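Chains as they are written, first to last, in the numbering used here: chain A, 1 to 394; chain B, 1 to 376.
Hints listed in this document are in silico derivations from the structure and should not be mistaken for laboratory results. Each hint can be trusted.
In the DSS-like style, the derived pairs of lysine-lysine whose C-alpha atoms are separated by at most 30 angstroms in a straight line are:
hint : chain 1 : residue 1 : chain 2 : residue 2
1    : A       : 287       : B       : 324
2    : B       : 324       : A       : 332
3    : A       : 354       : B       : 376
4    : A       : 272       : B       : 310
5    : A       : 272       : B       : 376
6    : A       : 25        : B       : 376
7    : B       : 353       : A       : 332
8    : B       : 262       : A       : 184
9    : A       : 26        : A       : 259
10   : A       : 8         : A       : 27
11   : A       : 114       : A       : 227
12   : A       : 332       : B       : 332
These numbers come from a predicted model, not from an experiment.
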Amino acid sequence: MDFRLTDKQIEHRKECYKVCAELAKKKPKSWLGFESQFDTEEGWEFHRYCAREFAKRGWLALGWPKEYGGTGEMMEKVLFAEARGYYDLSGADIFGVSMLAPTLLAAGSEELKKEFLPKIANAELMFCELWSEPNSGSDLAGLQCSAVRKGDEFIVNGQKTWNTGAHFADWAFGVYKSDPNAKKHHNLTFILCDMKSPGITIKGIPYMSGSHVYNEVYLDDVRMPAKYVVGQENEGWAVVNVLAGFERSNLDMVYGLVKGLEDLVEYCNENKRGGQLLSRDPMIRNKIADAACQLEAVRTLAYRVADQQNRNEMGLMDAAAVKVFASELMEKYAHLSCDILGPYGQAKHSKFAKMGGIPEYMYQGCFVPIVSMGTNEIQRNIIAWYGLGLPRMK
Amino acid sequence: MDLRFTEQQEILKKSARDFLTKECPKAKVRELAKDPKGYDPALWQKMAELGWLGFNIPEDYEGMGYSFEDLTMHIEEVGKNILPGPYISTVVNTFALVEAGSDEQKKDLLPKISNGNCIITLAWFEENGLFDASGITLKAAHKGNDYNLNGAKVFVDSAHVADYMIVVARTKDGSGEDGVTLFLVDSKSAGIKTEVIPTIADDHLCEVVFKDVAVPAKNVLGKVDKGWSVLQTIIRKGSILKSAESLGGLSTVVEMTVAYAKERVQYDRPIGAFQALQHKMSDMWITMGTSRYLLYEAAWLESNDMPSAKEASMAKAYINEAYKMVTALGVKLHGGIGTSADHDVPLYYQRAKAADTVYGSTDFHRELVAQQIGLK
Chain A
1 MDFRLTDKQI EHRKECYKVC AELAKKKPKS WLGFESQFDT EEGWEFHRYC
51 AREFAKRGWL ALGWPKEYGG TGEMMEKVLF AEARGYYDLS GADIFGVSML
101 APTLLAAGSE ELKKEFLPKI ANAELMFCEL WSEPNSGSDL AGLQCSAVRK
151 GDEFIVNGQK TWNTGAHFAD WAFGVYKSDP NAKKHHNLTF ILCDMKSPGI
201 TIKGIPYMSG SHVYNEVYLD DVRMPAKYVV GQENEGWAVV NVLAGFERSN
251 LDMVYGLVKG LEDLVEYCNE NKRGGQLLSR DPMIRNKIAD AACQLEAVRT
301 LAYRVADQQN RNEMGLMDAA AVKVFASELM EKYAHLSCDI LGPYGQAKHS
351 KFAKMGGIPE YMYQGCFVPI VSMGTNEIQR NIIAWYGLGL PRMK
Chain B
1 MDLRFTEQQE ILKKSARDFL TKECPKAKVR ELAKDPKGYD PALWQKMAEL
51 GWLGFNIPED YEGMGYSFED LTMHIEEVGK NILPGPYIST VVNTFALVEA
101 GSDEQKKDLL PKISNGNCII TLAWFEENGL FDASGITLKA AHKGNDYNLN
151 GAKVFVDSAH VADYMIVVAR TKDGSGEDGV TLFLVDSKSA GIKTEVIPTI
201 ADDHLCEVVF KDVAVPAKNV LGKVDKGWSV LQTIIRKGSI LKSAESLGGL
251 STVVEMTVAY AKERVQYDRP IGAFQALQHK MSDMWITMGT SRYLLYEAAW
301 LESNDMPSAK EASMAKAYIN EAYKMVTALG VKLHGGIGTS ADHDVPLYYQ
351 RAKAADTVYG STDFHRELVA QQIGLK
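Turn these sequences into a full structure, and let the hints steer you where they fit.
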């Protein structure tokens with residue numbers, strides 16, 4: 001085995017860290033983490049600013065084929081994600097850059113690739129997803145939103161929920177039931193649409209912390225041109241699976257934890273309780289060391305996923321394992337840092353908070369990676385059914 | 001970056017697996033549990049002939065000269081099968097000899113070990129329960145040109161059949177690392193009393209009492225008073241290899257449990273169709289995957305002479321708990337039969353408990369990790 005990166009990869013990683021370190025200094029005061037990009041105007045502006053800086057360097061097209069303006073290789077995309085995660089930045093539109101672009105490359109027509117890839121690469125368009133519905137979360141294939149073909153467009157009606165960032169996004173990708181009579185999994189169509197289209201109403205769903213990240217999106221006779229269908233009409237489910245299969249190694253989440261643990265060690269090294277440094281408390285030492293061991297375990301597995309993807313091998317089971325483990329480690333980390341802060345664990349980001357109020361923010365925010373992108377229970381089902389070959393639920 | 005085994009490594013692994021399947025089936029494991037020696041000398045010779053004892057010993061000393069990474073993979077296969085006896089102990093101790101042994105010691109012992117004619121075990125842990133230097137109280141008093149050892153060691157692997165013991169003793173008053181010396185002690189020396197302690201894994205760990213045991217000065221391993229750093233090498237390499245054995249064991253239990261869940265039928269379907277069991281098995285699988293690359297990162301660093309102390313301790317601390325967690329679930333998911341002496345899962349469950357304090361407990365290694373990550 002060889003855990004080393006090539007010289008070129010090391011250079012690229014250094015450069016990513018350098019650029020992200022500089023951008024991190026410009027975070028607005030209200031910035032607590034990745035979700036902050038959706039919560040305030042200044043958050044969104046900062047996200048766009050970072051995106052333009054990354055676009056300048058071609059980093060939003062890392063790993064794409066050269067003919068579509070791509071640069072570098074998959075591993076460089078992963079290292080870029082690592083640096084962003086470490087500094088808790090956004091700037092790489094998770095929907096456009098991480099999900100839609102690879103999907104268009106794999107399943108989109110030449111026209112769609114030509115129209116959208118350049119605009120994703122240069123940070124001109126930000127996307128959101130019109131995906132889940134009130135009655136279709138985990139069981140997405142059972143969705144109800146209708147798309148009726150009328151000439152060269154679809155008329156779309158229904159309600160989407162748990163959308164991220166529709167209130168700021170320029171365009172959306174979505175999936176709708178286009179044939180009410182066909183069998184499940186062969187009745188959906190994947191369509192792109194302009195968020196400025198008439199008939200779209202956005203209503204925020206406040207997160208438990210009060211921040212505005214998520215939305216309900218109501219579609220009333222929204223007209224979506226048929227040329228914006230990705231893949232075949234009625235075969236949108238296959239496109240959904242292509243999109244879901246683009247496993248991110250989740251190194252951004254892992255490296256967010258790397259930084260978080262460093263910050264926790266620093267806090268314990270600099271703060272006393274009862275006249276003694278927190279870092280001298282044997283229980284704190286044991287718990288932080290335990291977290292560090294778990295983090296290194298998932299970091300090495302995440303690199304294994306990245307290595308597989310770099311070779312164009314699918315590491316779907318390992319990727320599912322990383323998603324479950326890293327998200328649940330983040331929850332444990334949030335609890336651990338709050339515990340160490342004692343009553344200060346409850347203090348929100350303010351002059352009163354310790355560690356910038358990040359522990360409180362994470363204590364509430366940690367559910368997001370657990371219940372989204374396929375809940376951890378669904379991930380465990382996937383591992384059981386496709387990794388271990390256990391009987392699938394009918 | 002390439003986190004795959006090479007074709008050559010896959011061949012090595014398969015040959016180890018095939019050998020052990022044939023030569024050490026579970027019937028033999030159970031036999032050796034009750035056997036007074038606790039290992040099979042004839043099997044030991046066969047292992048020696050295959051180069052297993054001299055795996056990492058330099059070719060100059062009649063060894064195979066393989067890499068530490070290869071050895072780690074090989075030990076993972078050993079762990080999958082279970083191999084009773086002081087194999088890992090002996091192999092780990094050879095590193096101490098290679099690192100700190102005098103020319104005479106190396107010339108004398110390494111070929112013997114490689115050829116299967118010398119079993120060498122580590123006598124470190126004492127009744128006080130401490131893994132750090134303050135736990136070393138066995139005294140080695142200077143007597144003329146030689147030393148006199150007095151004290152007792154516990155949980156010494158196969159001391160009753162070992163030819164030599166590396167004894168961790170105190171040559172200078174105090175409780176720090178300075179003043180600890182390692183001695184190569186011939187187990188046939190006068191004054192040594194050895195008794196096998198009954199243990200959960202029936203692995204023949206011994207209490208060894210030293211009363212005025214004379215050891216010649218030429219048997220000091222490394223430098224007088226400076227033995228702790230050699231012990232640290234043993235701890236570091238031993239942690240990685242013991243973790244490899246544990247990873248092998250836990251992967252076998254995952255396989256067995258999934259296979260059983262597919263075949264055992266209740267309520268008109270395989271019990272593996274029930275989500276509660278599926279999720280536990282997925283957790284076992286996730287635990288295995290996260291253990292694997294942490295282990296091989298530590299092995300790779302060690303194999304390439306890069307700093308590895310942090311990763312070795314992380315691997316030991318993590319995999320200690322992983323092995324116990326997976327084997328406990330393995331027993332439970334088999335239901336009643338998982339608790340039976342006739343079933344194989346309990347063999348692994350017992351070994352998971354035995355492994356978690358060899359070369360340092362989880363808490364001992366977490367403290368080392370705490371230091372390594374900069375906690376003041």
